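Enquirer: Listed below are the residues making up each chain.
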Amino acid sequence: MTTQADIQREIDDLRGSGGPQPRRDYPPYRSSVLRHPTRDLCQADPEGVELWAPCFGPADIDDAESDLTIQRSGEPLGERIVVTGRVLDGDGRPVRHQLVEIWQANASGRYWHQRDQHPAPLDPNFVGAGRCLTDGDGVYTFQTIKPGAYPWRNHVNAWRPAHIHFSLFGTDFTQRLVTQMYFPGDPLFDLDPIYQSITDARARDMLVASYDHSVTKPEFSLGYRWDIVLSGTHRTPLEEP
Amino acid sequence: MTFAPGQTVGPFFHLGLPFEGGNLLVPAGHPEAVRLHGRVVDGEGAAVPDALIELWQADSTGRVPRETGSFHRDGFTFTGWGRAQTDGDGHYWFSTLIPGPARPGRRPFFALTVFARGLTDRLFTRAYLPGDEPDALLGGLPPDRRATLITTREPRGLLFDIHLQGEGETVFLSYPRQAR
Chain A
832 MTTQADIQRE
842 IDDLRGSGGP
852 QPRRDYPPYR
862 SSVLRHPTRD
872 LCQADPEGVE
882 LWAPCFGPAD
892 IDDAESDLTI
902 QRSGEPLGER
912 IVVTGRVLDG
922 DGRPVRHQLV
932 EIWQANASGR
942 YWHQRDQHPA
952 PLDPNFVGAG
962 RCLTDGDGVY
972 TFQTIKPGAY
982 PWRNHVNAWR
992 PAHIHFSLFG
1002 TDFTQRLVTQ
1012 MYFPGDPLFD
1022 LDPIYQSITD
1032 ARARDMLVAS
1042 YDHSVTKPEF
1052 SLGYRWDIVL
1062 SGTHRTPLEE
1072 P
Chain B
3 MTFAPGQTVG
13 PFFHLGLPFE
23 GGNLLVPAGH
33 PEAVRLHGRV
43 VDGEGAAVPD
53 ALIELWQADS
63 TGRVPRETGS
73 FHRDGFTFTG
83 WGRAQTDGDG
93 HYWFSTLIPG
103 PARPGRRPFF
113 ALTVFARGLT
123 DRLFTRAYLP
133 GDEPDALLGG
143 LPPDRRATLI
153 TTREPRGLLF
163 DIHLQGEGET
173 VFLSYPRQAR
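Chains as they are written, first to last, in our numbering: chain A, 832 to 1072; chain B, 3 to 182.
The set of hints was computed from the structure by calculation and includes no laboratory data.
Watch out, some of these pointers could steer you wrong.
Between beta-carbon pairs, the in silico distance windows are [what the hints assert, rightly or not]:
| # | chain 1 | residue 1 | chain 2 | residue 2 | range |
| --- | --- | --- | --- | --- | --- |
| 1 | B | Thr154 | A | Thr869 | 18 to 26 Å |
| 2 | B | Glu46 | A | Trp990 | 23 to 31 Å |
| 3 | B | Glu46 | A | Glu1050 | 51 to 59 Å |
Because the structure is a prediction, the values reported are computed rather than measured.
Note that CB positions come from ideal geometry on N, CA and C, so glycine has one too.
From just these sequences and the hints, can you work out the full model?
Expert: Below, the structure written as structure tokens:
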């Protein structure tokens, strides 16, 4: 049986060994062992569709889908929060009118998913999936519930820090990003092999939202801000699809 | 400017990402529909039943689609984008059109993004049509590696298996403006 102490030694041994992106080969995250490519990535010059991202619009998404607290007949349990921020490209330009998708556990740390066997209560009023389009300044906003931490079976007594999964698109295909947003000051950060698969501390910090009292709504919900920077675009302004 | 690191989609992405009709870029009964499909396997050749594949492609003339509506397909508009989850056998499939070339004389390809539990970050690859057109990426690879990027023609479609690791490991791509 692998203990947290065993995993901790492995995490410590790999600290700082990767770049600002997660290591694909990261044995402390056991499921990665047989699922990561061992050959180097092959550098390609993007062409054709790779220079463009798919388009989404009001026909795809209803405004109400950004509020995860109104999807069922009643109010979900837990701490109501707003999560907002800007999506920027690698040159600091806002990514406008583009799709943002999220999914998460409920306040007890249980996902609305048949494979989640954690014996914490499901909340009949919280599914935990939402989506929206960024506005003209690249801003997204979700109303939701703060997710709970939850156990998983990577090793004995493994627990994931509370997080919200985020899926993002840029203006070209190469900017596609799926990541996780965390909450400030979580005591599980140092123990979690998924978070620590990013072995560079400053890069990891980019995934932690800030508490923002200006986003907090009086007598209603707490506010968090999380800006997301995608990689750079490859398209020159003159290129037409 | 540094950019945000990726993280695995984890085991519960079905809650947030797949959607009804996501794999049907055209209805399966469309006269020009082809099935692009294959299996996702791990380093021991075992099925990966919790992977998600995104497809992004040109239309049959080679034009890059700029139409919205992928989430609520009307059956007529080709958006060029779709999503398919693997089943218990690691199999994914799309109903779509054969893409045209980006420019005359280029070898057409489907751009694919691969996500899975156990993959710490997404992977990019290309699924090329079989053909003779010269291509810079294919030309720079040894034959066994090149073969991993070329679809196999079938009576009603194209087969493209994805090997995450090991024998026949698929060539995965990075682009110049990414960190590595």
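Enquirer: Hints first: check each against the structure and report whether it holds.
Expert: To see whether the hints hold, each was checked on the structure:
no. : hint                            : verdict
1   : B:Thr154 x A:Thr869: 18 to 26 Å : 24 Å, holds
2   : B:Glu46 x A:Trp990: 23 to 31 Å  : 28 Å, holds
3   : B:Glu46 x A:Glu1050: 51 to 59 Å : 56 Å, holds
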